[in-house]
Amino acid sequence: MTARAVTEATFEQEVLNNDKAVLVDFWAEWCGPCRAVSPILDQIATEHSEKLDIVKLNVDENPGLAMKYQITAIPAFKVFEKGEVVKTVIGAKPKPALEADLAAFIS
Amino acid sequence: MRDIIIIGSGPAGFTAAIYAARAELKPLLIASSVEIGGELMNTTEVENFPGFPDGIMGPDLMAKLQAQAERFGTEVVYDDVVELELVGPVKRVKLGNGETHEAAAIIYATGSAYRKLGLPEEEVLSGHGLSWCATCDGFFFRQKTIAVVGGGDSAMEEATFLTRFADKVYVIHRRDSLKASKIMQQRAFDNEKIEFIWNAEIAAIHGTTAVTGVTLRDTVTGDERGLDLDGLFVAIGNDPRTHLVHGKLDLTSEGTIAVEGRTSKTNIPGVFAAGDVTDPHYRQAVTAAGSGTVAALDAEQYLAALPKAPEAEVAGDAASVAEAEAGQAALAVAN
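Protein chains in written order, with numbering that gives the first Met the number 0: chain A, 0 to 106; chain X, 0 to 334.
Worth flagging that the hints you see were computed from the coordinates, not collected in a lab.
Note that the structure is predicted; figures quoted are calculated from it, not measured.
Cβ atoms here follow ideal geometry from the backbone N, Cα and C, with glycine treated the same way.
Careful, some of the hints might be misleading.
To be verified - Okay, the calculated bits of chain A under chain X, using three or more residues with CB under 8 Å as the criterion: (1) 26-34; (2) 64-70; (3) 80-93.
Claimed, not checked - Below, a list of computed lysine-lysine pairs in the DSS-like style, where the Cα atoms sit at most 25 Å apart: (4) Lys25/X x Lys264/X; (5) Lys167/X x Lys181/X; (6) Lys115/X x Lys92/A; (7) Lys143/X x Lys67/A; (8) Lys92/A x Lys93/X; (9) Lys77/A x Lys143/X; (10) Lys178/X x Lys192/X; (11) Lys67/A x Lys77/A; (12) Lys178/X x Lys167/X; (13) Lys77/A x Lys50/A; (14) Lys167/X x Lys67/A; (15) Lys92/A x Lys19/A.
Using the sequences and the hints given, assemble the complete structure.
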């Protein structure tokens, strides 16, 4: 399952008003580590779709949200619950390391 | 069991794979899970790789090297090596997903990792204004004041690249001259957004949730002063990535894997090393590629000199013994 894209237009509905926990992957086309980690996120999205929603936000196309959430390094992953950021993970990491960081939301 | 496993997906690993694949050794290349392509993935324009007179983007060059390796039958696995067994005729490579792969020969080409400043605040501020990847993070520093630490080609490239976004880029270097190539130096000197701070090192990084500045220490006088910054990019060099082979392969005093003369042979037969993990001096994409070639040719020669697979050898021996006995029997009859 490929994590679906969200934009400034859909962010409120898809992320802030989501009943489930949502991980937002802040990424860009020109960021090599973002592209490298993307298939790992897709795997995690597939394996844990019941607990965690995973969506992607392109920072080039949605600079307002990148600024609002004070993104200064990508890839950056922010987990939202009830509209609030409850966890931030920065940088491309191997799957076991990401799973460990996200344990509270996927296990 | 395979003939050969290549660990690493930079210019050394993929060039070794091109040669090994063309020698019909069907190499398995372990590319890592999130660092596929190695250091060039975080660079922009590569201007010194022969054959590209107009330059080529680092990630594009790596995609081409991978395509070339795969064209001849290289199999690429996107996972990380967690454990290695190198001694003996069967080498074992254990991956993060739990799988173990076996081969008669290994080429170890894991490159190097960014060196850290070694300051306690580094962990906390990493990703919050402190960065090792200008191409990834420069975008977020539009109209900001930032600094690059370092004096080599990477530092000059990053500083020059960052002027696309930032209003002001300091280059902080602990000496009074640069190690960078002349062309990269000149490009930085000519850039009016770049200001050099010589003979200075970072004594501390300020900020609790994001970088707000640094304390600079003069490397000559020891004097300290503050500098306000929105971001700090570190490009102070790299350390060979040898943690998987500590205690297994001999290292040099510089921390790289020791190889015999101009070959890629390590202290363990059948284990070859290539690229930046063996190279404390040159560390170029093209020297790494050359070194990958050497490793593939060394490995090919090693594999050719091996006795055939154990089962075949036993069968062969039994057959030749039977043949000799038959011959002697025939001789006896003739007598």
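Verification of the supplied hints:
no., hint, in the structure
1, 26-34, "holds (count 6)"
2, 64-70, "holds (count 3)"
3, 80-93, "holds (count 5)"
4, Lys25/X x Lys264/X, "20 Å, holds"
5, Lys167/X x Lys181/X, "22 Å, holds"
6, Lys115/X x Lys92/A, "18 Å, holds"
7, Lys143/X x Lys67/A, "17 Å, holds"
8, Lys92/A x Lys93/X, "18 Å, holds"
9, Lys77/A x Lys143/X, "24 Å, holds"
10, Lys178/X x Lys192/X, "21 Å, holds"
11, Lys67/A x Lys77/A, "12 Å, holds"
12, Lys178/X x Lys167/X, "22 Å, holds"
13, Lys77/A x Lys50/A, "15 Å, holds"
14, Lys167/X x Lys67/A, "23 Å, holds"
15, Lys92/A x Lys19/A, "24 Å, holds"
Hint compliance for this structure: no hint is broken.
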